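Given chain L, put chains X and H in place with the hints provided.
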Amino acid sequence: MTKTISLTLKIWRQNGPGEKGRLETYPADDISTDMSFLEMLDVINEKLTLSGQNPIAFDHDCREGICGMCGAVVNGRAHGPEKGTTLCQLHMRHFKDGDTIVIEPWRARTFPVIKDLVVDRGAFDTIIQAGGFISVNTGGTPDANAIPVAHQAAEKAMDAAACIGCGACVAACPNASAMLFLGAKISHLGLLPQGRPEAARRALNMLQAMDHLGFGNCTNERECEAECPKEISIVNIARLNREFFKAAFFSDQT
Amino acid sequence: MNWLKQTIWSSIGKKLMMAVTGLAFCGFLAGHLAGNLTIYGGKSMFNSYAAHLHSLGPLITVVEWGLVFFAVVHIGTGLILFYLNFRSRPGRYAVNKWAGGRTIGSATMPYTGILVLAFVVMHLINFHFVDKGQTTIYQIVLKTFGNPLYVAIYVVAMIVVAVHVSHGFWSAFQTIGANHPKYMPLIMVLSIAFSLAVGFGFGLLPIFLWTVG
Amino acid sequence: MALDAKIPAGPLAEKWDRHRFELKMVNPANKRKYEVIVIGTGLAGGSAAASLAELGYNVKAFCIQDSPRRAHSIAAQGGINAAKNYPNDGDSIWRLFYDTVKGGDFRSREANVYRLAQVSNHIIDQCVAQGIPFAREYGGLLANRSFGGAQVSRTFYARGQTGQQLLLGAYSALSRQVAAGKVKLFVRRELLDVVIINGQARGIVVRDLISGALERYDAHAVVLCTGGYGNVFFLSTNAMTSNATAIYRAYKKGAFLANPCFTQIHPTCIPVHGTYQSKLTLMSESLRNDGRVWVPKKAGDKRAPGQIPESERDYFLEEKYPSFGNLVPRDVASRNAKEQCDQGKGVGETGLAVYLDFADAIKRDGKDVIENKYGNLFQMYEKITDENPYEAPMRIYPAVHYTMGGLWVDYNLMSTVDGLFVLGEANFSDHGANRLGASALMQGLADGYFVLPYTIGGYLAGAELPKISTDHPAFELSQQNVQSRISQLLSINGNRTVDDIQRHLGLIMWEYCGMSRNNEGLAKARVKVQQLREEFWKNARVPGSGTDFNQSLENAGRVADFLEFAELMIIDALARQESCGGHFNEAFQTEGHEARRDDKNFCHVAAWEYAGDGQDPRLHKEPLVFENVELSQRSYK
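Protein chains in written order, with the working numbering: chain L, 1260 to 1513; chain X, 7 to 219; chain H, 23 to 659.
So here's chain L without its partners, still in its complex pose (with noise of 0.2 Å):
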């Protein structure tokens, strides 16, 4: 049932924000298939640390797919080949004994890189601090069934709360837009009860927001979808672009 490959890996490697970087080429013989990709990259610093080399640099922390923390670009694809998959959860079985395999860090201009694959990503943050939340003090609620929530709503704004903020919508998309990620949390904020109160002010905010850290425009080119890991669908952007348009011409925000 094991199985082991043996791999050509290009990692980006650079030292530092601003720094230049280069593609380097590592050996990575005897990789089990049962491994994740990212325990292949352990196993890769192991190798290097014990030979005198600085270990790869990378993001990473749940390593079962909903923190978000991980990603890279694998051979032109945002975490991997792998249909709904972040990069901890792409096992090495779907490589084949002799690949290449090249891994590039998220490439945006407001995901500058800190060091090798690790980038920043405080610009969704950003977005998020614009008005991503329902503006409630803590205590001082009603009794939680007092706003019913049709079953529907519930489901659709939970296919878009499952967002898991990675990044990788903007690394993959052709303009590093972040419009996936904005329309998953509008989408979910606006589709419940609770978020109508303040929906108008959240879209024009959030919008304002995301511009100004100069994120790309969304084109439509749907390789945002088809790369994000928990499948968010393009509609949530639609939404957006709804829920806009209702606050822009008809709100009284401004």
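Derived from the structure by calculation, the hints contain no laboratory data.
Each computed BS3-like pair below joins lysine-lysine, with the alpha-carbon atoms no more than 25 Å apart:
| # | chain 1 | residue 1 | chain 2 | residue 2 |
| --- | --- | --- | --- | --- |
| 1 | H | 405 | L | 1355 |
| 2 | X | 103 | H | 405 |
| 3 | L | 1342 | H | 389 |
| 4 | X | 188 | L | 1342 |
| 5 | H | 405 | H | 324 |
| 6 | L | 1505 | L | 1415 |
| 7 | H | 405 | L | 1262 |
| 8 | H | 385 | H | 405 |
| 9 | H | 324 | L | 1262 |
| 10 | L | 1306 | L | 1269 |
| 11 | H | 206 | H | 55 |
| 12 | H | 275 | H | 28 |
| 13 | L | 1342 | L | 1269 |
| 14 | X | 188 | L | 1415 |
| 15 | L | 1342 | H | 405 |
| 16 | H | 53 | H | 28 |
| 17 | L | 1279 | X | 103 |
| 18 | L | 1505 | X | 11 |
| 19 | X | 138 | X | 149 |
| 20 | L | 1355 | X | 103 |
| 21 | H | 53 | H | 204 |
| 22 | H | 53 | H | 489 |
| 23 | L | 1306 | H | 560 |
| 24 | L | 1342 | X | 103 |
| 25 | L | 1342 | L | 1355 |
| 26 | X | 103 | L | 1269 |
| 27 | H | 389 | L | 1415 |
| 28 | L | 1505 | X | 188 |
Example chain X residues on the side facing chain L (calculated, C-beta under 8 Å, incomplete):
| # | residue |
| --- | --- |
| 29 | 9 |
| 30 | 18 |
| 31 | 95 |
| 32 | 96 |
| 33 | 103 |
| 34 | 104 |
| 35 | 105 |
| 36 | 107 |
| 37 | 108 |
| 38 | 180 |
| 39 | 183 |
| 40 | 187 |
Just so it is clear, the structure is predicted and the values come from calculations on it, not from any experiment. Even for Gly, the Cβ is constructed at its ideal location relative to N, Cα and C.
Frame of chain L, contents of chains X and H only:
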């Protein structure tokens, strides 16, 4: 009116301008195609269509200027978006692969757009800014497509337009927010159907005229 | 020093109300004069930071990841308990309290657990108002499901991503306060020391993980919400950065560590498969609602599961515990799975797994219903194992999941150091010797939203807090110590990677201080850990420098602390000569192989005080007094 400026200059606002003007051009293409199909009805039918169009007088002028305005908006916004989108990723990937979302149409929008612009300029020189005093439009058309080079250019141009429209049509709906799992599949089918109609409808005409002439 | 838990007087149900009334208050205008540091932005830290900021305090929030949204609370799957009694099945605050005390094998504080049950309902209200997309019935009201250790359905859930959704709720509240300027957010920072001035926690020293710079921050109080120490076992369901460094450094600064040997082994995880495996993945306990646990009756039966007829299957949980069946508490389920495997009835390549079978549920409810409930979990299972759980039963095995032990705190959640508060999994908590499913989320949010915001006011209003700055000599000294430890790590330059040593430590702990323990093994483990620690400081290799982004260095610091912490766990396990909940000493078991408590001698919290390097820690006992529940042998039969 600060809100309007803010709205239009936002990323979605710019997209909205692309979508609205793009959809208007789709409407124009549909009308233009319907008119052009009269060529298959022969010389008199086509000439009378042209005459009918001109009899609309000021209305046609308004439409013409409307189209010019839309074109300026569509092209201007498109170029701005093209620049911004290019700028949003300073470091390029060493390996680029499509994940299954992109199509030839979507991936080439700016380029097909520029080609279409070049074509439209040529097309207007050929048939619009031409002295129609001595001759009928049918004869001009016939004469132009007597030249195989023009036939080839027009056919290629129509393929380019079809490719542009194949993405532009459904994309406009998505941008204005009209995407629902219930009817989006239909819009996608319509998008393909429309681009085929444009491609074949316009593209076969020069060939037809070449063979007739 | 006698431990004073500061449990308010009066009847159980009135304690919290009364305490809130008696606590000193900080008036609204004065709140803005106080600075509070919150370390960690998971459910406890995120909710605490947001709630304190809403009240008017100035908060500095720190997280180790690149965003507060990534804290490991995000990985909690199944749900969150509350005594809402929406299903009308007889739930009540009292019942939730009782289930939790019993589930914890009577090693938790009555007053704390009762308060937890009381505020559980507010948590659900709060979360719904924040827009958490909990599962809904068609009528629009909230849906519930069952979890282990309870006979009512009181668990609220958002598919298999409840932790994620609750965390994003706390994160959104936190983000709102960041935008309002009330919270200053510091990401990619690791706490390396707590600064104590005049016996009060007044600041921290952190390392900026990007630049490597050491930074000092001062405040009027410090709140640790840094999670559990499960990674001492190397393989656990914890995230890779989950660590014990924060609580351990606080321990070295005088905070007592309580019950460190209480660790929870979760029964339903995907079994270990290879030497390079870096972590274990949990399959939510909620799966035990519909999945049936079984092994072949015959030891060594290597037939495929489908070929084993019904009559040759041993549904050991259902048979042994007819009233709770597959939904017995985690410690019980785990131990039984281990017992079956020890008898040679384990399945799969390694023989270290039991089946969790959904065939009956799929037959009964249809594949769609099951997919709707557990789709993402099934998908996750398939991704990792390459097997389709709709067709073949899942193979599961227990894995380290949660740590009930942690820093000792009083009823106000304050540690033995004044002004040092500890919330969530990082404190020794309300779960006693075993935590019930869907209770961790409840506790984290209870602490952060509804307990600390009151109790910290009581402290700040009553304490004398002289003005200080980060130039204070205590900060200087602290930073020097941190710096010299970093330099020391970088200068070892040995031949073994830190990962390798941590893996080794994990094996020792799993073998001797894991699901079942005995005195001999524990004594052996203590020596082994000491030896390994020595080897670490002689032979570890930590590459790179201290002045830039260096993940090897980060991890080395954590492992160094784990190597000390592990010994404390072992000492605690050795001191507790009884079995209870997750702490199972083979010498103390009933005839049915259940944990046998010794209430006469061990009905206490064991709180350990740091006594200096190379010295045995000092044990302090906080007796547990049960006035409202009767101590009994837990029975789930």
